[in-house]
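J.: The residues making up each chain are set out below.
Protein chains: 2
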Amino acid sequence: MTGEHSILATAPAAAILRQLAKQPYDLTAEGALFGRIPRYVCDNGPFRLLYATERIDEQTLAALQALADECQIIDQFKAMRRGAVLNKIDGYASENRQVLHTACRDIFTAEPAEPKATAQAKAELAKLKSFLEEVATGAVSAPGGKQFTTMLHVGIGGSDLGPRAITEALRAYCLPGRRARFIANVDPDDTVRTLAETDLAHTLVCIVSKSGTTLETRANEQLVRERLQATGLDPGQHCLAITGQGSPMDNPANYLRSFYMYDYIGGRYSGASMVGAVTLGFVIGYQGLLDFLRGAAAIDWLAEEADMRKNLPLLMALLGIWNHNFLDMATLAVLPYSQALHRFPAHLQQCDMESSGKAITTEGAAVGHKTGPVVWGEPGTNGQHAFYQLLHQGTEIVPAEFIGFLRSQYSEDCQVDGSTSQQKLIANMLAQTLALAMGKADGNPNRHFFGNRPSRLLIADRLTPYVMGALLAIYEAKIVMQGFCWGINSFDQEGVQLGKVLASRILDSLANERATPGGVEKDLLAQALCPPKLEETWT
Amino acid sequence: MTGEHSILATAPAAAILRQLAKQPYDLTAEGALFGRIPRYVCDNGPFRLLYATERIDEQTLAALQALADECQIIDQFKAMRRGAVLNKIDGYASENRQVLHTACRDIFTAEPAEPKATAQAKAELAKLKSFLEEVATGAVSAPGGKQFTTMLHVGIGGSDLGPRAITEALRAYCLPGRRARFIANVDPDDTVRTLAETDLAHTLVCIVSKSGTTLETRANEQLVRERLQATGLDPGQHCLAITGQGSPMDNPANYLRSFYMYDYIGGRYSGASMVGAVTLGFVIGYQGLLDFLRGAAAIDWLAEEADMRKNLPLLMALLGIWNHNFLDMATLAVLPYSQALHRFPAHLQQCDMESSGKAITTEGAAVGHKTGPVVWGEPGTNGQHAFYQLLHQGTEIVPAEFIGFLRSQYSEDCQVDGSTSQQKLIANMLAQTLALAMGKADGNPNRHFFGNRPSRLLIADRLTPYVMGALLAIYEAKIVMQGFCWGINSFDQEGVQLGKVLASRILDSLANERATPGGVEKDLLAQALCPPKLEETWT
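Quick mapping for you: the protein sequence lines, in order, are chains A and B. Its first residue numbered 1, the first sequence is counted upward by one per residue in our numbering. Its first residue numbered 1, the second sequence is counted upward by one per residue in our numbering.
I should point out that these hints are in silico values taken from the structure, not numbers from a laboratory. There's no promise every hint is true.
One copy or any two copies: either way a pair holds, since identical chains are not told apart in the list.
As the list claims (entries may be wrong) - Under the rule of at most 16 angstroms between Cα atoms (straight-line distance), these lysine to aspartate or glutamate pairs were calculated in the EDC-like manner: (1) Lys533 / Asp43; (2) Lys370 / Asp328; (3) Lys533 / Asp461; (4) Lys122 / Asp523; (5) Lys88 / Asp417.
Take these sequences, add in the hints, and give me the full structure.
T.: Written out as structure tokens, the structure reads:
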């Protein structure tokens, strides 16, 4: 590496923040939250962010704004949306690509930020619209002329987690009789058990791989095709390809339809491209899909605002950097108070940690400061009965991001003890943010709550397709903005290569006894492949 | 609090470990792994632990063994199993209970460690066996004399995560036609959407709450009962109660059957008690349930071994403490290479973080050192395509615990590129442990891998009921052993109380407009309850 270069070491605002971090705002002081809550609110699109329960004050916010300006976060964000080649490391071999995931939803204005990519997105959307109409009218139908009811989505990583999180979140909006299933893991049990629960005759299969060569997806595609054939079905009449133009999967002989993804959209940012759109459009319909894209597009434009107090993703990005880099908190808990978002933390885990898990700058120097935190979470109130003990009384300080909605999706509810379940859900979320911030002194040390544990609250009226699109775009923008601040390339993933190379070598030894592995691999295989077989003697 | 008392500050072994931590074993050095892999292996029951890829050597292991001895980990573990009152804080009000989750599977020997609790467990198992026979013969049947096919499990936290993780893991062993569904969240959408996919006429409902007063579970029970009635069914003929003797739920008028849980088993350790056993027994049958208990019991006895190199849970506990307390790693990733274990990390998150998220000793003093890490994870190979970028190249060092099995559960597979999916799965897991340890130098800084990122590998032949029982018991033992080393009470959860109190106050204001909340709560409600309503204008 070419020495160390740290924007957080050289930016004047960072020096101020380091000073301020020695005595951050004390949320546990008498009256500390008085009058503060209305002051620290930001509305963008359908979302409101409440951040009075962060350890910040006017000085901190001013310094964070200065840091954002010094790092040119918004300038870079605008450049990204307009087609700048930001997926690169200067002076070294790298992907060297544009970053245009926002273009695929920038379809609601006459003047898109990057017209060429948006035109390509519109072309794919037009293909999808017409395909969905054919499915609806029966022009494309299952054997015997019956309707297709199920979309089986086969992908992994970016081709799975985003689509899965989004589609699960919007299951309440499924067209009658429509549903989606997902297969990702190369674990054959994943595929076998999903197939056992799927009526293949009425199932379309959406195979997603940009390169067309992803090992897991190819293996699962083959398992699915074998099963289709064994059931007397023609795979070519069931399988759709979502892939790069010209990839090995871009072959009309093998697929009912192909939809294209482009190399300027990274896998983990591809939820609103054809990667997510085909399955989502099938289950909630094309109009629902458009609503989803519209929500995302609205946020993308609002995120160009330079004033952090009016820019919700920028505000979240900077509060995250304050907690992580200056207050030294290693993780971020994302806690949706919505069961529909149960896979959203897993999606964020990829989108955030694969983007920000970097140790060199875009110039190839060591970063010299911490980059991405570990992101994790489960829905509330479930989490309250699980790991919140550690949030309140543990020795690790975990900043928390709560996500909640005033109204439920199905509007079915019941009253117990004078309140509805939805009211209980909201009340619990609000209570947690206060408990974490304020704490509580107690003479019994085991009932003492430290407080000063920062959190923020992202709230909207109801989780609709539009709101889900906005939520996705908020996090995507937040993540790339943090990357701009840290001076890293948030768009590549060289860190996954070594494991692939080693796996391929070990696989050669495993699958082909003639191949002789090297010393360490040989030792590892010898020890790993013979665990105890006590089991049979016991059961 | 009464001053600070840190076993890790006073134990002589801890001083040695702090010295050793300044230069931990370098896994990236030329030949560092040579000859090491066979030396660092531990077999217990059906599992083998490979730990050569941890940053330890003979000196580290000797010091960790000394620490275990000085902290009397195994003595305390034995005392726990024999009924010592360990759930307490000396000198302060506390739960003051025994800790006997191991007793409920200690049923395969004539001399159980704590005969009274084991006798109570046997009595409940006998009730369950006879109930399951009645269901099988049709003596207990759905309306019209049909078989019950589905168990709808309603609980939250310890009454949900363990049973869910275990039952999901063993879905391959379900009796024909049998399945389980789960409801936990107070989010009404969770219940509504699960009920919409459940054929209630053929469904038994297992309601689990030790106190019989858990708010979420009561609300969900009511939603389920209302739906049963609306469908013309008699809730009393469908609902089972799993509760403490004498709780408000212990009422034969309202339930088809009751099974008891006892206050000496904490919720997060209750997976092998009636809390998990009723649902698991229903889906995989009583013999499968016994296999599961037998696997757990086998580990419980093996875990009494004082030599850490022969005691797998103790070894995992001490390696965890080495990484967390001495090498300063804030989190632990648990990465099962088995889709069947997809909810196991969520269970561990509760079992570990609720047990170890503590800041005072059992004497009520500040601990003076770190206690539980943040535990998180997703199945591989999915995770490889998601957050592994950060594991390999991020600035947070994340120790990883891999769990894998040589054979798949269903034995269905396919060959792609000359190997099966199961072989690909195993090869990838082994490759990751090597890649994290060894790293790789590269002239391109973006392709440089640091290495020296510790991991361990827990491997068994196949994930059967017996093996799942053993896996559960390994982690339960590991967690309590870490607690004994840290000097904390791993069995209470006072940290969840403040949120409950505040939630109840906020709920009063939300549900009852006459109730006037205080200043901060009023401000928070005013701001939180009116997010933007742009949505309607857009969609």
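J.: Taking the hints in turn, state whether each one holds.
T.: Against the structure, the hints:
In this assembly of identical chains, the alpha carbons of Lys533 and Asp43 lie at most 16 angstroms apart only when taken from different copies (10 angstroms versus 59 angstroms within one copy). Taking the shortest Cα distances, Lys370 and Asp328 sit within 16 angstroms of each other both inside one copy (9 angstroms) and across copies (15 angstroms). Taking the closest pair of Cα atoms, Lys533 and Asp461 come within 16 angstroms of each other only across two copies (7 angstroms); inside a single copy the shortest separation is 55 angstroms, beyond that limit. In this assembly of identical chains, the alpha carbons of Lys122 and Asp523 never lie at most 16 angstroms apart, being 54 angstroms within a copy and 45 angstroms across copies at closest.
With identical chains, the CA atoms of Lys88 and Asp417 are never at most 16 angstroms apart, being 58 angstroms at best within one copy and 32 angstroms at best between copies.
Checked against the numbered hints listed earlier, the structure breaks hints 4, 5; every other hint is satisfied.
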